[in-house]
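S.K.: Given next are the chains, with one letter for each unit.
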Amino acid sequence: MSPRTRVALMALVGACLAPAVWSIAAALPPFGAPTGAYGPTVNALGPPLRHVSNMVSAVNFDFRGVDTLGEEFMLLGAVTGAVLLLRGARGEDLADAAGRVAGRRVEPRSSAVVLVCHLLGPAILVLGLYMALHATVTPGGGFQGGVVIASGFLLVYLGEGYRPWRALVRSRALAVAEGGGALVFALAGFWPMLCGQPYFANVLPLGVFRDMLSGGLMLVENAGVALAVTGGFAILFLEFLEETRAPRPRDEPGSGGGA
Amino acid sequence: MTPVASLAPLTVAGPLAVAAAMLALAHALPRYVPDVIAILTALGVAAICAVLARHALEHGALVYWFGGWRPLGGVVLGIGFGVDPASAAIASFIGLLFAASLVFAWGYFDEVHAHFHVLMLLFLAAMVGFCLTRDLFDLFVWFEVMSVAAFALTAYQLEAPSLAGALNFTVTNSLASFMMLGGVGLVYARAGVLDFQAHGQAVARAGHDPVIAGAFCLLAAALMIKGATAPFHFWLSDAHAVAPSPVSVIFSGAMVASALFVLAKLGLQVFAGSADARALMRGLFVGLGAVSAVAGGLMAWRQRHLKRMLAFSTIAHLGVMLMGLASLTATGVAGLVVYFVGHGLVKGALFMLAGVLLATGQSIDELRLRGRGRGQWATGLAMALAGILLGGAPWGVLDTGTDLVHAAAGGLARPWIAAAIVLGAGLTGAAVLRACGRIFLGLGPQAGEEAHSPTDEETERADRPLWLMLAPCLLLLALALLPAEAARGLVARAVAMLADPSAIPARVPALGRTSAALGWASTALSLSIAAFALWRERLPRLLTGVADRATRPLFGVLKTPHSGLVGDYVAWIGVGLAAFSIALALR
Amino acid sequence: MSAAPWLVAALLFAAGVFGIVTSRNFIHLVGCLSVCQSSTYVLLLGVGYRWGAVAPVFYDHPPGTPAVDPVVQALVLTDIVVGATVTALLLAMAVRVHDKTGTLDPQALAPFPDRRR
Chain W
1 MSPRTRVALM ALVGACLAPA VWSIAAALPP FGAPTGAYGP TVNALGPPLR HVSNMVSAVN
61 FDFRGVDTLG EEFMLLGAVT GAVLLLRGAR GEDLADAAGR VAGRRVEPRS SAVVLVCHLL
121 GPAILVLGLY MALHATVTPG GGFQGGVVIA SGFLLVYLGE GYRPWRALVR SRALAVAEGG
181 GALVFALAGF WPMLCGQPYF ANVLPLGVFR DMLSGGLMLV ENAGVALAVT GGFAILFLEF
241 LEETRAPRPR DEPGSGGGA
Chain D
260 MTPVASLAPL TVAGPLAVAA AMLALAHALP RYVPDVIAIL TALGVAAICA VLARHALEHG
320 ALVYWFGGWR PLGGVVLGIG FGVDPASAAI ASFIGLLFAA SLVFAWGYFD EVHAHFHVLM
380 LLFLAAMVGF CLTRDLFDLF VWFEVMSVAA FALTAYQLEA PSLAGALNFT VTNSLASFMM
440 LGGVGLVYAR AGVLDFQAHG QAVARAGHDP VIAGAFCLLA AALMIKGATA PFHFWLSDAH
500 AVAPSPVSVI FSGAMVASAL FVLAKLGLQV FAGSADARAL MRGLFVGLGA VSAVAGGLMA
560 WRQRHLKRML AFSTIAHLGV MLMGLASLTA TGVAGLVVYF VGHGLVKGAL FMLAGVLLAT
620 GQSIDELRLR GRGRGQWATG LAMALAGILL GGAPWGVLDT GTDLVHAAAG GLARPWIAAA
680 IVLGAGLTGA AVLRACGRIF LGLGPQAGEE AHSPTDEETE RADRPLWLML APCLLLLALA
740 LLPAEAARGL VARAVAMLAD PSAIPARVPA LGRTSAALGW ASTALSLSIA AFALWRERLP
800 RLLTGVADRA TRPLFGVLKT PHSGLVGDYV AWIGVGLAAF SIALALR
Chain A
847 MSAAPWLVAA LLFAAGVFGI VTSRNFIHLV GCLSVCQSST YVLLLGVGYR WGAVAPVFYD
907 HPPGTPAVDP VVQALVLTDI VVGATVTALL LAMAVRVHDK TGTLDPQALA PFPDRRR
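Protein chains in written order, with this note's numbering: chain W, 1 to 259; chain D, 260 to 846; chain A, 847 to 963.
Derived from the structure by calculation, the hints contain no laboratory data.
The reader is advised that the hints may include incorrect statements.
[As the list claims (entries may be wrong)] Anything over 12 Å on all C-beta distances counts as not near chain D; from chain W, calculated:
| hint | residue |
| --- | --- |
| 1 | Thr35 |
| 2 | Arg87 |
| 3 | Ser110 |
| 4 | Gly181 |
[Said to hold, decoys possible] Covered stretches of chain W, as calculated for chain D (at least 3 residues, CB under 8 Å):
| hint | region |
| --- | --- |
| 5 | 63-77 |
| 6 | 169-176 |
[Stated by the list, open to error] Quick list of the computed label-pair ranges, beta carbon to beta carbon:
| hint | chain 1 | residue 1 | chain 2 | residue 2 | range |
| --- | --- | --- | --- | --- | --- |
| 7 | D | Gln460 | A | Ser848 | 22 to 30 Å |
| 8 | D | Pro330 | A | Val900 | 22 to 30 Å |
| 9 | A | Gln953 | D | Pro330 | 45 to 53 Å |
| 10 | A | Thr949 | D | Gln460 | 48 to 56 Å |
| 11 | D | Pro330 | W | Leu204 | 18 to 26 Å |
| 12 | D | Gly804 | A | Gln953 | 35 to 43 Å |
| 13 | W | Pro48 | D | Ile763 | 32 to 40 Å |
| 14 | D | Thr819 | A | Thr949 | 21 to 29 Å |
| 15 | W | Val208 | D | Gly332 | 22 to 30 Å |
| 16 | D | Val292 | W | Phe240 | 26 to 34 Å |
| 17 | D | Tyr291 | A | Ile873 | 39 to 47 Å |
| 18 | D | Tyr291 | W | Pro48 | 47 to 55 Å |
Only a predicted model underlies this, so the values are computations on that prediction, with no experimental measurement involved.
We put the CB at the ideal spot given by N, CA and C, even for glycine.
Given only the sequences and the hints, what does the whole structure look like? Please build it.
M.R.: Take a look at the structure:
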């Protein structure tokens, strides 16, 4: 199909679907009106039954823990796939110098950038840890904290350069973190089964409301998720940054690389 | 909680935990350990699901509430697994297929430190979760995990066509998952809960409601994209052609069919009370199934790339399955379930045979492989047998499924359904038999339409023994030959419990049946079309010339949409959605 | 006005699909897929909102204060992770495709370009 035909076809499709979309939008409950009992019930039951104040985390790790299990392993699968795609073609190598693409100027690192990274890097790492630890109390959680910590690693690359970044970010350690975190999450669900309870039942002591260590099993799951997400995203950043290394002759036998 | 009930989470969490452990220890595991662990895990899942199916058949469907969150005051708070006999049996079959595929893939994926096995275990867990869950958002999560594992596995070979095929697959199926999420959002807006049974009650109360109709359209479109039904099927031929053979076994044998199984489940449990949904299924979906069957068969006939040919034949057979499920009767859904198993066995065996030919003959092109199979009598016989079964031969599991679908179609009083099934099965069987005759007997020197179809210079390593590759293939074929007639009563009972999981049926009506004449008709059709192609050079030129001129415009029309461009595929998805809305508006 | 979020969601999805169908650069296509996904965020979060309610985190307000639906927020969190993972995979594929074929144009990326005609 030529692009023009496609656009015409999509215009036709849009014309056919517009009345349906309009009638669905009109039939949906108005924005802001209460819908259903699931949400209010969770809001009512969460604090007394689980001693947590962050209801979203309660839903993620307790009420609907299996969804988070699937989501965690989806991240694992996607990172594994991306690693296969990128590293599989390029080969693993622990170089201590960044690659240079022929014909591109190498910009020296500005001292302002280095200063800002020195100041912000540790701050962001601490923020990420805070978010990950206080999952059950304030907005945040394993996913959010893990992504922030992984982004903090990137600041190391920006501020310090390739060699310290590569020394800090080891692919094997990250793979262990990622796999280990996911394993902790899955096994946290098995622990209640040993006590005769269903999978993911919250059998650990629930702690005090509004305290960091509240929520019981949610804390273990959260720690697993934080570890796995940190490892996963750091591996992704590593693999994509490694793509900027100019290929050596033994890395890619046939085709050339770079833009 | 009974001990059997506590087995339910093991089917999903078990493979996930094993996969995570394997990833963490990836660099330290010796050579064949990941293979062994993965095969044992798959067999374990198959065994546990079989136990659960047997238990559910006798004592009623089991509901396992994760986290101990039982429904409170009528509000469902947690996620449940609904282990009814049909779902558990399908999950068990999936585990078996995975085990066979992993045996076939022994030693194939050495270089990448067990990553292949991690992805396969993730895929297995996701498919089992997809079949067993009774929560709509959980369904979406497992659908997505399944898709991500499949995307990663398709791109494995890292050559240019492989990546382009994986891109098409990823983009179209991601759109499917967004549509599914839209459907879930719409149902949640109307019903306020995410559980199948609670939804079913809410839908029944809602009556004629554009929101429910829209939600059904989105969910059905998403599942039909995954289930490769026309006009959403274009991605399958690209993905299959480039995925490694063990992965293709799972795609065609289980993944696409499971999407249709879940569509049946949603139709029976969630949208049973919606007149719009029923009308759409019995009207448009039956038509789309027929189009898939015939178009898939014709395109399969036109291929010379063996895996593409098998991909199009999958599309044709899934069209037959859709026609069975669209009737929403017990016979039709029973036909879907039995066809799932029968087709999965035969198609899995065929993809393994394609892998064997690729390894021994160093080509995947039927015309280039001509005569190279001489002397490989085991492979040749297996392929011929699979081709005859695919063409509708009246024995085995696949035939029982076809029989049930025909009987369900008879209930709908539309004779063209039977014609579409016979034509589709006949063409796909003919394509496989033609390839078999050409490769193993050296027949068919003169190529017809298939000479103009796309091909590839693919090769695979031949470093594992032939018997190891053939053994799982022959096992699958042997299972496909088992007479399924004896299981009719069990299947009827399982389907009754699928429609209403909360009740144990006291007495189950018998399923319909038709005569064996239709099976003989499609077998005869496939044998004669294959013979036409293989002995072309002996037929009078006039006859072959007329046949070519008559069919060329048909093939031309069919070939044009299959351009390989992702923009076209997405445009066709839009056309499909528009067709759904027009069909509903015209009701 | 009370149907505005639903229409916005539909518009976002349509815009994303239009972008995919007419795309000439694969990175642009990945962005359009993200736009399609953001329509599901708008739909889900819009379904859960309640006028005059607070966020479902009872740290500053006492439990029992009317709060918005936390379930859809958890669903959207999962959805975001889904989007991030698929985007990562697609971008990795795009890098490889560019290596192998030198182009990022979806119009030129057919897996089996037909040999004749």
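S.K.: A separate judgement is required for each hint: does it hold in the structure or not?
M.R.: Cross-check of the supplied hints:
{"no.": "1", "hint": "Thr35", "result": "5 Å, violated"}
{"no.": "2", "hint": "Arg87", "result": "8 Å, violated"}
{"no.": "3", "hint": "Ser110", "result": "38 Å, holds"}
{"no.": "4", "hint": "Gly181", "result": "8 Å, violated"}
{"no.": "5", "hint": "63-77", "result": "holds (count 12)"}
{"no.": "6", "hint": "169-176", "result": "holds (count 3)"}
{"no.": "7", "hint": "Gln460(D) <-> Ser848(A): 22 to 30 Å", "result": "27 Å, holds"}
{"no.": "8", "hint": "Pro330(D) <-> Val900(A): 22 to 30 Å", "result": "27 Å, holds"}
{"no.": "9", "hint": "Gln953(A) <-> Pro330(D): 45 to 53 Å", "result": "52 Å, holds"}
{"no.": "10", "hint": "Thr949(A) <-> Gln460(D): 48 to 56 Å", "result": "53 Å, holds"}
{"no.": "11", "hint": "Pro330(D) <-> Leu204(W): 18 to 26 Å", "result": "24 Å, holds"}
{"no.": "12", "hint": "Gly804(D) <-> Gln953(A): 35 to 43 Å", "result": "37 Å, holds"}
{"no.": "13", "hint": "Pro48(W) <-> Ile763(D): 32 to 40 Å", "result": "37 Å, holds"}
{"no.": "14", "hint": "Thr819(D) <-> Thr949(A): 21 to 29 Å", "result": "23 Å, holds"}
{"no.": "15", "hint": "Val208(W) <-> Gly332(D): 22 to 30 Å", "result": "28 Å, holds"}
{"no.": "16", "hint": "Val292(D) <-> Phe240(W): 26 to 34 Å", "result": "30 Å, holds"}
{"no.": "17", "hint": "Tyr291(D) <-> Ile873(A): 39 to 47 Å", "result": "40 Å, holds"}
{"no.": "18", "hint": "Tyr291(D) <-> Pro48(W): 47 to 55 Å", "result": "53 Å, holds"}
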